[in-house]
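Please build the complex by placing chain B on the supplied structure of chain A, with the hints as guidance.
So the protein sequences, as listed, match chains A and B.
According to the numbering used here, the stretch in the first sequence is residues 269 to 564, in order.
According to the numbering used here, the stretch in the second sequence is residues 13 to 178, in order.
These are calculated hints, taken from the structure and not from any lab test.
Just so you know, not all the hints are guaranteed correct.
[Stated by the list, open to error] Okay, the calculated bits of chain B under chain A, using three or more residues with CB under 8 Å as the criterion: (1) 35-49; (2) 78-90; (3) 159-171.
Just so you know, even glycine gets a beta-carbon here, dropped at the ideal spot from N, CA and C.
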Amino acid sequence: MKPPVFTYHRPGSVAEALDLLAQVGSEGKVLAGGQSLVPLLNMRLAAPRHLVDVNWLAELDEVSSGEDGVRVGALARHARVEHDRPANQAVPLLGQAIGDIAHTTVRNRGTVVGSLVHADPAAELPAALVLLGGSMELASAGDGTRRVAAADFFLGPLESAVRPGELATAALFPRPPAGGGTAWVEVARRHGDYAVCGAGALVVLDQDLQIASARAALISVGPVPTPADLTDALAGQPHDAADWAAAGRLAAAATDPDDDIHATAAYRRHLAGVLTARAARAAAANAADRFAQGAA
Amino acid sequence: MSEPLHETRLVVNGVPRTVAVPARRLLSDCLRHDLGLTGTHVGCEHGVCGACTVLVDGRPMRSCLLFAVGVDGAEITTVEGCRSPGGGLGPVQQAFQDCHGLQCGFCTPGFVTTITAWLRDHPDPSEEQARQAIGGNLCRCTGYQNIVASVLRAAELLRNQEEAAR
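Chain B extracted, bound-state conformation:
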C-alpha cells in the first residue's frame, strides 16, 4: 500500500527545503532520511532521552514527537546549524570539546541544541541552573559533571564573544 505524500516546506538551518513525506514521518526521520542531516540522533523515540532535540522556530522540542507535516513552514535548527558562522565549532560545541563534555557523543546533538537555546535567555547561569537546564537530556556514558561544566564554559565563551564584538 502506498501512502499519500504531503508536500512540506521547512527552513532547515537557514536553507529552505521542500520534502514530500507520508503523514506519519517523524520530524527526526525526515531530517535524517529525507534531508540527510544525520546529526540529529534518535534514541528512545518516545520523548524521554532528548537526543533528537532540535529547535523549532527557536524553541527546543523533541523531533521524535513531531510529525514533519505538522511543522510545515517552521524554521528548524539542528546540531548542524549550531556551528559558528565561519564554519568551525560553535560556542557550545567548543565548550564540549574544552570540558570533555562528550565521550561516545550519541546524546550530544540533543544537548548542544538544548543548551544553545537556553543560553540565549540565561547568559550567566549558576551551576545549579545549568544542571536543571539539561534535566531533559539523558547521557549514559560521559556523566553529567563535564556536561554541566560545558554549559558554564559555553556561557563564558558567548559572553567573551559578545564583549569582543562591542
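So here's chain A without its partners, still in its complex pose:
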C-alpha cells in the first residue's frame, strides 16, 4: 500500500506546468487534490513515471461567478466551492451535489476540476456538468486553450477527453435558465460512499409556474453520466403536482446499468426511476423558490 516511485515536479507557473506536461506526455499525471489519484497510486493501480504538482499555482485557485455562471479553476477545493455564496446563488447545483462527495476531510483537499477529469461513472460532478450543459477548459503548451462541452468530455469509465500533455485549467458551470431550479439526490450504502445510483434534475418553469422543460443526469448506471430528457413526461403540469413517477420511468428507460457486487442492474434501474422522480420534484420546488426570491 505504498505508491510506486515517480519523479516529482513542482512548476511555478501554468506555462511551466504545460511545458513539463508536454515533455512527459503520456508518462505524466497531474497531481491536484490527489483524493482519487493517491489511492490509485497506493494500491498500485496506476504508476505514472512523472507527477506534475499543480498545488502551487495560485492562478488556478479561483471561483468566479458571473451572468453566465460559475468558473471553477483547477485548484479550487470542493469545500471552497461548496460554501461559496455567490457560486451557489448562481448555480445551486454545485452545493447540492458537492455535499454528497465523500466526507469533509476529503472535500478539504479534493478539487472540482480533478473530480471531472477523473471521470468516475459514480461521481457527482460529471453528471452536474452534463446536466447544466457546461464545459471544460483544456490548455496545452503551444496549442493554447480549447473548450470541450460536457457531452463530449466524458468518454468512458475514468476516461475523459484530456489528452497527454494537456492540463484542465477550469470548469464552466452555466447558470440554469430563467425559471430553472435544480436538485441532487442519491442513494449510497453509507453516507459518503460512492452512490449506488444518483440523479440530478433541472426543471424550468414558465411564468404560471407550470413546467416548461425538464431533464436529468444519472450516475452509476452506465460508463458515463446518463442524460435523460423528462420534458415529455412533465411539460405543462403544475410545479407542485406533476406526474413525477412518469418522469422517473422515462429516466429509468434511458439507463443501461450492469450488475456488480454493490447492486443488481434491476435494483439500479429501479433507483434511477425513484431518484429521478424525487430530484425532479425537488428541482421544481427549487425553481419556484427562486421565482419567489426573484433570483431566476
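Leaving out everything else, chain B in the frame of chain A:
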C-alpha cells in the same frame, strides 16, 4: 536504486521540522517514520477509514492521501498536538475518556483531530450534527454511540473552558 530526496519543511504541532524524503513518502509515513510521531495511525491507506486524519493548516485531511513534499511549508497538527497547553489531556481526549469513547483506540487519533477542528466551527452541536461530523471516520470495536457522546461532551468541556476564561 536510490531515490532522490526532497527537502521538506513542516511545522508540526508548532515545532518547525525539516525532513529529506523521497517524493512518494506519504505524509502519514513521514510523521511516523521520519518524525517519530506514531500517534497518527495508518488504517486503510486509501482514504476510507479516517484513522490517519491530521489537520493541515487547521483543516482535517487524510494524511495517507498527501505526499509530504506536497504540503511543504504547511502547519500540521497531529493527535499529539491536541493535548492541553499544560500537557494533560486536551478537551476532546478528556471527553473520550469521560464517555468511554475508545476501546482498542486504533481509530481514535483520527477522531480526535477531526472533532478538534469541527468543534471550532460548531461549538454547540446537536446529536445529529455530531453523528454527521464523524461520518468519515470508521470505528470497528467501540461503536459509535459513545463516540457521539464524546463529541457532545467535548463541546461542553470547551464551552466551560471558554466561560471560565471570561
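Failing hints, ascending?
-> Structure breaks hint 3 only.
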